[in-house]
Amino acid sequence: MTMDDSLRELYQEVILDHSRHPRHFGVLADATHMGEGHNPLCGDKVKIYLHVDAHDKISGISFEGKGCAISQASASLMTEMLEGRTVAEAEQLMGGFLHLVKGEDASDLGEDDRDRLDVMAGVSAFPMRVKCATLAWHTMKSALEDGGIAKSE
Amino acid sequence: MNAPAKIFDVNAVRKDFTILGRQVYGKPLVYLDNAASAQKPDQVLDGMRDFATSEYANVHRGVHYLSATATDRYEEARRKVQKFLNAKYEDEIVFTKGGTEAINLVSYGYLSATIQPGDEIVLTTMEHHSNIVPWHFLRERQGAVLKWVDVEDDGSLDIEKLDAAISAKTKLVAVTHMSNVLGTITPLKEIVARAHAKGVPVLADGCQGSVHTVVDVQALDIDFYVITGHKLYGPTGIGALYGKRALLKTMRPYNGGGEMIAEVTREKITYAPPPARFEAGTPPIIEAVGLAAAIDYLTGIDRIAAQAHEHALLQKARAGLKELNWARVIGDAPGKGSLVAFEADGMHAHDLATILDREGIAVRAGHHCAQVLMERFAVASTTRASFAFYNTTEEVDALLAALRKARDILG
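Residue numbers (the numbering used here), protein chains in the order written: chain E, 1 to 153; chain W, 154 to 564.
No wet-lab data here; the hints were simulated from the structure.
Where hints are given, some of them may not hold.
Just a few of them, taken from the derived set where beta-carbon distance is under 10 Å, the chain W residues facing chain E [as the list claims (entries may be wrong)]:
(1) L173
(2) H501
(3) G519
Backbone N, C-alpha and C fix where the C-beta goes; we use that ideal spot for every residue, glycine too.
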């Protein structure tokens with residue numbers, strides 16, 4: 001693959017579309033969990049909001065943030081893919097995603113998930129950018145683990 | 154009629170920098186990250202190697218031949234820095250591990266012993282974190298107040314605003330000589346005159362300014378001036394603090410250890426006079442020799458012609474960015490130094506820098522350790538191209554072509 005090909009793969013239309021028109025962007029009013037992620041090297045910031053229902057299912061998810069095309073697209077794609085999954089499924093998907101963007105064996109991803117996440121696979125050719133792609137996912141995980149929003153009722 | 158400006162022979166100097174001949178991703182390296190760290194000429198690298206292979210030992214300690222030789226070379230390096238900055242006395246030059254350590258030394262050694270709650274330190278919004286955080290320490294730990302002088306929209310500094318910020322409570326003015334983001338060169342002589350009129354000393358962060366201007370600390374009458382070796386085409390791990398002799402004498406040491414003492418007993422210690430007082434432990438000896446070689450190199454080229462060449466590169470880049478019309482340059486102060494930072498419409502600096510990187514072009518993307526300034530200009534991150542005398546007009550063309558390509562890819 002030539003250098004231009006790897007750049008075109010990194011910045012393919014799906015990625016640019018997600019970064020320009022992010023899905024699930026904004027505050028989630030009834031969030032049960034919230035996490036904030038920050039990459040001090042580049043100043044990228046992201047907030048992830050989740051609503052986890054009584055069956056441990058992510059029934060709502062959104063994000064807010066500023067950053068590069070990779071970090072924004074990754075966050076947007078993540079919100080699309082996690083809605084409706086259980087917390088355990090979300091963590092499993094994250095594991096597969098991390099393998100994928102690091103260029104490792106990602107056979108732990110199901111076929112459909114692999115197909116949908118494939119647009120992010122180009123990141124593996126750019127080691128300095130892996131952190132951009134993983135920021136939203138790590139933030140999601142920390143929101144689920146430590147980001148419970150206390151309710152007064 | 155004036156003599157015609159001398160033509161700077163860029164191809165001749167490029168031969169001295171071996172690394173400039175290498176390729177990155179199969180493309181010729183275009184190194185435009187000089188404000189982060191400059192490349193080193195063979196004269197510096199060879200000089201360090203020659204010293205280490207024939208004259209090296211610890212300094213100021215042994216009675217043996219090599220120790221005496223190494224001490225001579227180390228102290229010769231100090232005199233070269235003295236001459237480079239035109240300091241009056243060689244004991245006004247303290248070797249540090251870099252610019253950051255030099256500023257921390259002033260914060261701790263000069264101010265922290267005497268500063269009272271409510272005392273003020275005046276600084277500008279274009280300072281690098283290294284000239285902000287050591288003063289924040291004094292705010293956080295001792296109740297000092299940071300008084301910020303904002304820069305103008307074009308990046309210039311209004312001397313009247315700075316003057317107005319200096320009050321009876323001001324203990325120090327800490328200001329950059331040249332901004333690492335805006336390129337602004339500050340009117341140091343005027344700043345010092347205004348501050349001294351109110352009895353306030355001035356520290357200048359010269360990490361960029363010493364690279365792109367000829368510095369004369371006596372003419373400036375400045376109290377503290379800070380340089381770092383690695384931006385001056387020298388090695389990492391070495392920098393220097395210039396301080397007026399009378400001020401250095403009043404300062405307490407920052408590190409304790411060997412070489413900085415006069416006498417140590419079970420009950421008490423007495424300190425060595427400056428500069429040894431501030432150079433505890435084995436200093437960066439080989440690096441000091443490397444810094445001296447870098448200064449020899451810099452003073453050996455025609456610096457005025459080199460500056461004119463750098464300025465021409467800046468003008469070309471500036472004009473090219475204007476044509477692109479989607480790049481907003483941050484900092485257009487008159488007489489600015491040879492770097493240009495910009496924000497690109499709809500494109501994040503890291504995406505741009507990744508595409509430039511694959512073209513072999515090294516630029517800096519991010520907040521440039523100047524978050525206060527980023528906030529001032531309401532930008533999250535910018536892309537910065539910073540030029541050295543060894544850069545060429547063809548490299549500016551390559552930068553501009555790569556930016557057009559990035560626009561094509563990122564839309």
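Structure-based check of all given hints:
1. L173: Nearest chain E Cβ about 21 Å off; hint violated.
2. H501: holds (4 Å)
3. G519: holds (5 Å)
Violated hint: 1 only; the structure is consistent with all others.
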